[in-house]
Amino acid sequence: MEKRLNLLMFSGDYDKAMAGLILANSAREINIEVTMFFTFWGLLLLRDPEKIDMEGKSLYEKMFSTLTPKDIEQLPLSKMNYAGLGKAMMKEMLEDEDAPPLIAFLKGARKKQVKFLACKLSVDILGFKQEEFYPEVEIVDAKVYLEDALKSDIQLFI
Amino acid sequence: MEKRLNLLMFSGDYDKAMAGLILANSAREINIEVTMFFTFWGLLLLRDPEKIDMEGKSLYEKMFSTLTPKDIEQLPLSKMNYAGLGKAMMKEMLEDEDAPPLIAFLKGARKKQVKFLACKLSVDILGFKQEEFYPEVEIVDAKVYLEDALKSDIQLFI
Amino acid sequence: MEKRLNLLMFSGDYDKAMAGLILANSAREINIEVTMFFTFWGLLLLRDPEKIDMEGKSLYEKMFSTLTPKDIEQLPLSKMNYAGLGKAMMKEMLEDEDAPPLIAFLKGARKKQVKFLACKLSVDILGFKQEEFYPEVEIVDAKVYLEDALKSDIQLFI
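Chains as they are written, first to last, in my numbering: chain A, 1 to 158; chain B, 1 to 158; chain C, 1 to 158.
Among these hints, one or two may not hold up.
Identical copies look the same in the list; a pair holds intra-copy or inter-copy alike.
What the hints assert, rightly or not - Restricting the straight-line Cα-Cα distance to at most 25 Å, the calculated cross-link-like pairs of lysine-lysine (DSS-like) are:
#1 Lys91 with Lys62
#2 Lys120 with Lys79
#3 Lys57 with Lys79
#4 Lys107 with Lys51
#5 Lys129 with Lys79
#6 Lys129 with Lys87
#7 Lys87 with Lys57
#8 Lys91 with Lys129
#9 Lys62 with Lys120
#10 Lys115 with Lys3
#11 Lys115 with Lys143
#12 Lys87 with Lys120
#13 Lys143 with Lys91
#14 Lys112 with Lys70
#15 Lys91 with Lys111
Calculated directly from the structure, the hints in this document are not laboratory data.
Next up, chain A with everything else stripped away, as it sits in the complex:
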């Protein structure tokens, strides 16, 4: 029977998002089905930068939408404090190894049919709209996540 990987993407950190998306891409390459359920800061990964739309947002939602990075390459590292190792340095190190940037792993996951779910409660709280996400993103509640996770062979909270 087909094996399944389920990733709960809570974090919006560049390095953690990369860890999750590398796992998702690698899993698809060996025919493992992958579901990624994005919640809280993880939702920042799902926004289509071309489609951000302020209409109908509350003041806080507008502020949140304006102040958070629309380009996922601008997401921060989870650790900036190892003696000043900065994001710029990390990106240079990636380039030195010809490692693709985060956006390439996101594109790869989309192309490889990873299932993208977004947590309805988080979407409502943070004021996102369906139209702001990539079109394949489905907005679902925590029960849909749990049912998918129950069917999966590996579940991780990232």
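Guided by the hints, dock chains B and C onto chain A, whose structure is given.
Then chains B and C, alone, in the frame of chain A:
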């Protein structure tokens, strides 16, 4: 057979605690058994604010007990640095959606018979006492956690 | 059949590394097989401090190698901000309880035959070399991690 969810709650962040408690509540609503094992900063979620007791604590334990938030609504966000999105702003956004605060999800989990375990080693290191926790909290070692996790269908480290 | 625990060690935080290594040691004591797959900051746990070698590293790799803590006891806490609870205070609290330091749990895990895997992509990006790690560390790709995780009964992302 009954399905089981096992959450290892390491973090004492407001947003991560909320993610864990929303999963716990949602799981109980669809009849999944839930165990939450609290360790390190996660233990801050289990203290009954009415029952904090300094007697017999070492100087460091007293400092720790005094300086950490007794009211879980005061716990920090895991990210404060997305362009200044602060805790206050997040709480306003929760209220705008009529989303309950963290304490309501904790009360819900207690009412719905989520099993609360506390890690003995962490309890000892941080100087907590059984009487300071909610009465249903059981203090157990990592092996009890592992045995529960082995029987579970989903295990997450939050 | 033998039970298996699989830990993906992403974090290089002192407290999270301790949580992971305590689980690994406890699991071995009840005959659970343990694999730890180290990636990103987690790789800092695998360096043999006696064997750090700058030869052939790029400028960024040298900076990274020089600036990150070689002694794992110097790794930072994931939270320093709970009202100033610092690393020094945490270490005093550990000593008060005669709890072993992180390095003791790492030694225990090595002695108890925990399987140590290092993520090839992270090793390349951060510029580590096989000879800098403890000798039993195997450098493998994400697919080897996934295959091990699929065979495991518990999988956690730490």
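We went through each hint and held it up to the structure:
1. Lys91 with Lys62: Close across copies (15 Å), not inside one copy (29 Å); limit 25 Å.
2. Lys120 with Lys79: Classified as between: cross-chain Cα gap 20 Å, same-chain 28 Å, threshold 25 Å.
3. Lys57 with Lys79: Between copies only: 22 Å across chains, 32 Å inside a chain, cut-off 25 Å.
4. Lys107 with Lys51: within (17 Å within a copy, 39 Å between copies)
5. Lys129 with Lys79: So Lys129 and Lys79 pass the 25 Å test across copies only (22 Å; inside, 30 Å).
6. Lys129 with Lys87: between (29 Å within a copy, 22 Å between copies)
7. Lys87 with Lys57: between (31 Å within a copy, 19 Å between copies)
8. Lys91 with Lys129: between (31 Å within a copy, 20 Å between copies)
9. Lys62 with Lys120: Intra 18 Å, inter 41 Å, cutoff 25 Å: intra-copy only.
10. Lys115 with Lys3: Both: 14 Å inside a chain and 23 Å across chains, each within 25 Å.
11. Lys115 with Lys143: This pair counts as both: shortest intra-copy Cα distance 16 Å, inter-copy 19 Å.
12. Lys87 with Lys120: For Lys87 and Lys120, the Cα distance is within 25 Å only across copies (20 Å; inside one copy 31 Å).
13. Lys143 with Lys91: The answer is between: 24 Å across copies meets 25 Å, while 37 Å in one copy does not.
14. Lys112 with Lys70: Answer is within: at 23 Å inside a copy they meet the 25 Å cutoff, but 39 Å across does not.
15. Lys91 with Lys111: Within one copy only: 24 Å inside a chain, 37 Å across chains, cut-off 25 Å.
Checked against the numbered hints given earlier, this structure breaks none of them.
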